[in-house]
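Chemist: Chain F is fixed; fit chain P onto it per the hints.
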Amino acid sequence: MIAVIHALWRREITKFLRDRSRLIGALLQPLGFWVLLGLGFYGTFQMPGATEVGYLEYLYPGIIALILLFTAIFSTISVVQERQEGFLQAALVAPVPRTTIVLGLVSGGTTLAVAEAVLFLLLAPLVGLTPGVVGLLVVIAAVVLMALAFTALGFTIAWRLDTTRGFHAVMNLFLLPMWFLSGAFFPADGVPAVLRWVMYANPAFYGVAAIRQGLYLPAEAPGVGLPLAATLGVSLAFAIGVLALAVWTVRRPLFAST
Amino acid sequence: MPPALSVRELAYAYGEHRALDGLTFEVQTGELFGLLGPNGGGKTTLFRIVTTLMPPSAGSAAVLGHDTTTEPEAVRRSLGVVFQQPALDAELTVRENLRFHGILVGLGGTELNARTDALLGVFGLSDRAGDRVKTLSGGLTRRADLARGLLHRPALLLLDEPTTGLDPTARRELWAALARLRRDEGTTIVVATHLMEEAERCDRVAILDRGRLVALGEPAALTAELGDETLWLESKDAAALASVLHDQFGLDSRLVGSAVMVEAEDAPAVLARVYAAFPEHVTSATVRRPTLDDVFAARTGRAFEVGASKLDVAQTSHLEPHPVTR
Numbered sequence: 001m002i003a004v005i006h007a008l009w010r011r012e013i014t015k016f017l018r019d020r021s022r023l024i025g026a027l028l029q030p031l032g033f034w035v036l037l038g039l040g041f042y043g044t045f046q047m048p049g050a051t052e053v054g055y056l057e058y059l060y061p062g063i064i065a066l067i068l069l070f071t072a073i074f075s076t077i078s079v080v081q082e083r084q085e086g087f088l089q090a091a092l093v094a095p096v097p098r099t100t101i102v103l104g105l106v107s108g109g110t111t112l113a114v115a116e117a118v119l120f121l122l123l124a125p126l127v128g129l130t131p132g133v134v135g136l137l138v139v140i141a142a143v144v145l146m147a148l149a150f151t152a153l154g155f156t157i158a159w160r161l162d163t164t165r166g167f168h169a170v171m172n173l174f175l176l177p178m179w180f181l182s183g184a185f186f187p188a189d190g191v192p193a194v195l196r197w198v199m200y201a202n203p204a205f206y207g208v209a210a211i212r213q214g215l216y217l218p219a220e221a222p223g224v225g226l227p228l229a230a231t232l233g234v235s236l237a238f239a240i241g242v243l244a245l246a247v248w249t250v251r252r253p254l255f256a257s258t
Numbered sequence: 259m260p261p262a263l264s265v266r267e268l269a270y271a272y273g274e275h276r277a278l279d280g281l282t283f284e285v286q287t288g289e290l291f292g293l294l295g296p297n298g299g300g301k302t303t304l305f306r307i308v309t310t311l312m313p314p315s316a317g318s319a320a321v322l323g324h325d326t327t328t329e330p331e332a333v334r335r336s337l338g339v340v341f342q343q344p345a346l347d348a349e350l351t352v353r354e355n356l357r358f359h360g361i362l363v364g365l366g367g368t369e370l371n372a373r374t375d376a377l378l379g380v381f382g383l384s385d386r387a388g389d390r391v392k393t394l395s396g397g398l399t400r401r402a403d404l405a406r407g408l409l410h411r412p413a414l415l416l417l418d419e420p421t422t423g424l425d426p427t428a429r430r431e432l433w434a435a436l437a438r439l440r441r442d443e444g445t446t447i448v449v450a451t452h453l454m455e456e457a458e459r460c461d462r463v464a465i466l467d468r469g470r471l472v473a474l475g476e477p478a479a480l481t482a483e484l485g486d487e488t489l490w491l492e493s494k495d496a497a498a499l500a501s502v503l504h505d506q507f508g509l510d511s512r513l514v515g516s517a518v519m520v521e522a523e524d525a526p527a528v529l530a531r532v533y534a535a536f537p538e539h540v541t542s543a544t545v546r547r548p549t550l551d552d553v554f555a556a557r558t559g560r561a562f563e564v565g566a567s568k569l570d571v572a573q574t575s576h577l578e579p580h581p582v583t584r
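In the order they appear, the protein sequences are chains F and P. The working numbering puts the first residue of the first sequence at 1, with every later residue one more than the last. The working numbering puts the first residue of the second sequence at 259, with every later residue one more than the last.
Hints were generated in silico from the structure; no laboratory data involved. In this text, all values refer to a predicted model and were calculated from it rather than measured experimentally. C-beta atoms are modelled at their ideal positions from N, C-alpha and C, and glycine is treated no differently. A hint or two may mislead.
Partial selection, computed: residues in chain F whose CB lies under 7 Å from chain P [unchecked claim]:
(1) Q81
(2) R83
(3) F87
(4) A90
(5) A94
(6) L123
(7) L126
(8) G128
(9) P131
(10) G132
(11) D189
Per the computed footprint, the stretches of chain P lying under chain F, defined by three or more beta-carbons under 8 Å from a beta-carbon of chain F, are [what the hints assert, rightly or not]:
(12) 303-312
(13) 347-356
(14) 464-474
(15) 497-507
Here are the simulated distance ranges between beta carbons [as the list claims (entries may be wrong)]:
(16) F:E85 to P:D389: 14 to 22 Å
(17) P:S315 to F:L137: 36 to 44 Å
(18) F:D162 to P:T393: 22 to 30 Å
Next comes chain P alone, as it looks inside the complex:
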């Protein structure tokens, strides 16, 4: 059986800008697969190619073995897509929207009605079916849009930052709905996100940066590579601190922006020794369990920045850092 999604040496350039630069990975049937990356990482470009909206500059992508360039019709039949902005008509009711999109994907008659009713039930929308979409909350609209993407029982569901603009409760409900969907229909799900919390829910995650794959694997395995704890030291001169750590303590560290990340077996003890020796170098220190953020930082040497959405990360990260008092 071919993989649900297969991407080979995929490249795309907007003029001089390389949005995708030789990307290769596979998503197996039944997986919940995360695409994690900052804005500009290449997620949107990857989605446009996989959804057959544009051909790649080089390389190939295939959905269930169907090439996106040569067999776009077969790819579209296998794909359900949920975009960042709901693809619903605000003036039409939920049921009218589902009916309309059902016809677009080739359904009709009693089959469409039955499928619509079933999805309304799965997503807790049955009592709002007759309401116009513009009267729904953001969370309900998102669930209606998810139902819209699932009408034709796609083998592969693509979600492009599906929780954008949702409050934490609505986010949790959306993920609960996705869990039910996996259980009931076995749908393979690929979700693009810049939220660590969401990426850590996935079976496997691909971390993208500037169109390249910087990490691929199970979230727990990726973070485990950084040890049990990581020590973050902020300094006015991070580069100097890093070289001091190396020369005098024999510690390997990584420079990430204005901070130094140290992988240490016993982080609090290391911190105590470093701080005792160089109190003037260290302006703040944090010891925490490694996150996918840290994996990104360790692999790219840059902090995981999501631009305007940075606030989202701070609000929803369930892995609270443990500040160490000095």
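The following block holds chain F by itself, in its conformation from the complex:
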């Protein structure tokens, strides 16, 4: 079982390293977002309350979340096609439990997402964020949980869909709004109550908050207002929940409902 998970994991890594466009795309696009949005709102952004935070700095943890989301999408969207006419056809009739397939693919995608996020973390000092060891550990923990959740979510969606076009639709209607409303873009404090509750109901909100808290430790992170235990706890529950959903999804018989 471990050998199978390792083989699936290694395949993800090998493919990623061979595909330069993916290697660069998953990092450059969020970087571009960061610079453009950061500079665009530079003069107008105002944190609620008295805290002074520049927009490049505010956006920074959210861009980490965006990198995780994009890498997760890129590494799971191929599942749509591979299940129907690629290597996954054979994996499904191989004498291995389906759970193994989920764990192998999701661990591969998670590793890639975390690696990209860590590269981006090297830029933190540019916006004056220099977390210590504890802070970094918190950031890494939050990043791993979020990467795991996004990859398992992407995998679950890809498994149920028959076309990559369908995946793009889900991405636009569900995954990107999830990011917009995660507190990555704007803090929950300054928005109308209805929207604030939507943000609180969004599991990604707690992941972004945990990354933000880690980056500012031991100081208080701007615009979070929740204990670290709560944000990390919800992130952990979310990751476990989506992973369980992914396992449940692949264990259902294929085609039966069509």
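Modeler: Quick look at chain P alone, frame taken from chain F:
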């Protein structure tokens, strides 16, 4: 010893549509068994059930005595499956693909390396082992995929239209590779196809139509039931021609689409008499050795249509019809 594959009263419905409708047959160990049928005949559904991807609505299927619903793990260990689309990763090399799939089926270490080398040799891929799959031709990719399906020495190999998209040369090479495999490893092979040429290579063939078995037996025996020759008459009003043949010549004929098929001992002589009597009825006539196509037509009353792939049949049928000049 249980049969390699046993299918009992197998049924499957997608909503109202009955894809399989009480299918029963057995494949013996060592056989090369063909599943012939038009698209929509039920081959794909049968494969999905036998490969444990979905349970049947009714009836059962068993591989070497292992039920596909209650013992899926045992079934998967005994099965090698080659799909219509190769289950290979185009970005990985041939060897990487085989290694990866070997681990998936529980192999490892020197055993896997030895098996990989052996299969690369059998399928003439040794010198391309280090190349990425995306650089291979369709025929080579197909052979690599066949090697992939055979890594764990499955007792039963399922091939789902394995020559789709291959040119005639690549097709011949694939069949030659399958022949070597049978000789060397004694693998039982079940191949789904809509190509007559491929079905006629099999020891036995099951002809499926709309989820039912319409014929089962050795290809030569099935075609022999139609006599040495069949006479095909095309007519503007085939039904009228058929009744005329019956009433005035005492000939049994079958209506197949816009054509009439006549089983006759001496087809050219019958044709001469019919044409002399009713020149206006007959627009074209063909006398030929019966094919499995004709068996299908005789049993179902419909021509064997494969939809978009019809061209394939025309291109590869080695049994050329003998047109009779009028």
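Chemist: Confirm or reject each hint.
Modeler: Structure-based check of all given hints:
1. At its closest, the beta carbon of Q81 (chain F) sits 10 Å from a beta carbon of chain P; the interface hint therefore is violated under the 7 Å criterion.
2. Look at R83 (chain F): its Cβ only gets to about 10 Å from chain P, farther than 7 Å, so that hint breaks.
3. At its closest, the beta carbon of F87 (chain F) sits 5 Å from a beta carbon of chain P; the interface hint therefore holds under the 7 Å criterion.
4. Hint status for A90 (chain F): holds, given a least beta-carbon distance of 4 Å to chain P, under 7 Å.
5. Taken as an interface hint, A94 (chain F) checks out: its beta carbon lies about 4 Å from the nearest beta carbon of chain P, inside 7 Å.
6. Below 7 Å, beta-carbon pairs count as interface contacts, and L123 (chain F) has none with chain P, the closest being about 30 Å; its hint is therefore violated.
7. At a threshold of 7 Å, the smallest CB-CB gap from L126 (chain F) to chain P is about 35 Å, leaving the interface hint violated.
8. Given hint, G128 (chain F) at the interface with chain P, is violated; its Cβ is 41 Å from that chain's nearest Cβ, farther than 7 Å.
9. Residue-level restraint check for P131 (chain F) is violated (minimum Cβ-Cβ distance to chain P is 37 Å; threshold 7 Å).
10. A hinted interface residue such as G132 (chain F) counts as satisfied when its beta carbon comes closer than 7 Å to some beta carbon of chain P; here the least separation is about 41 Å, so the hint is violated.
11. Nearest Cβ of chain P to the Cβ of D189 (chain F): about 46 Å, over the 7 Å cut. The hint is violated.
12. Counting residues of the segment 303-312 of chain P whose CB lies closer than 8 Å to any CB of chain F gives 5, which reaches the minimum of 3, so the coverage claim holds.
13. Closer than 8 Å: that is the beta-carbon criterion, and the segment 347-356 of chain P has 5 residues meeting it against chain F, so the requirement of 3 holds.
14. Counting residues of the segment 464-474 of chain P whose CB lies closer than 8 Å to any CB of chain F gives 0, which falls below the minimum of 3, so the coverage claim is violated.
15. Counting residues of the segment 497-507 of chain P whose CB lies closer than 8 Å to any CB of chain F gives 0, so the stated coverage by that chain is violated, three being the minimum.
16. Remark: the range hint 14 to 22 Å for E85 (chain F) to D389 (chain P) is upheld by a beta-carbon distance near 21 Å.
17. One distance hint, 36 to 44 Å for the beta-carbon pair S315 (chain P) and L137 (chain F), is violated here, with the actual separation near 54 Å.
18. The hint said 22 to 30 Å for the Cβ distance between D162 (chain F) and T393 (chain P), and at roughly 29 Å that hint holds.
Figure legend: structure checked against the earlier numbered hints; hints not met, in rising order: 1, 2, 6, 7, 8, 9, 10, 11, 14, 15, 17.
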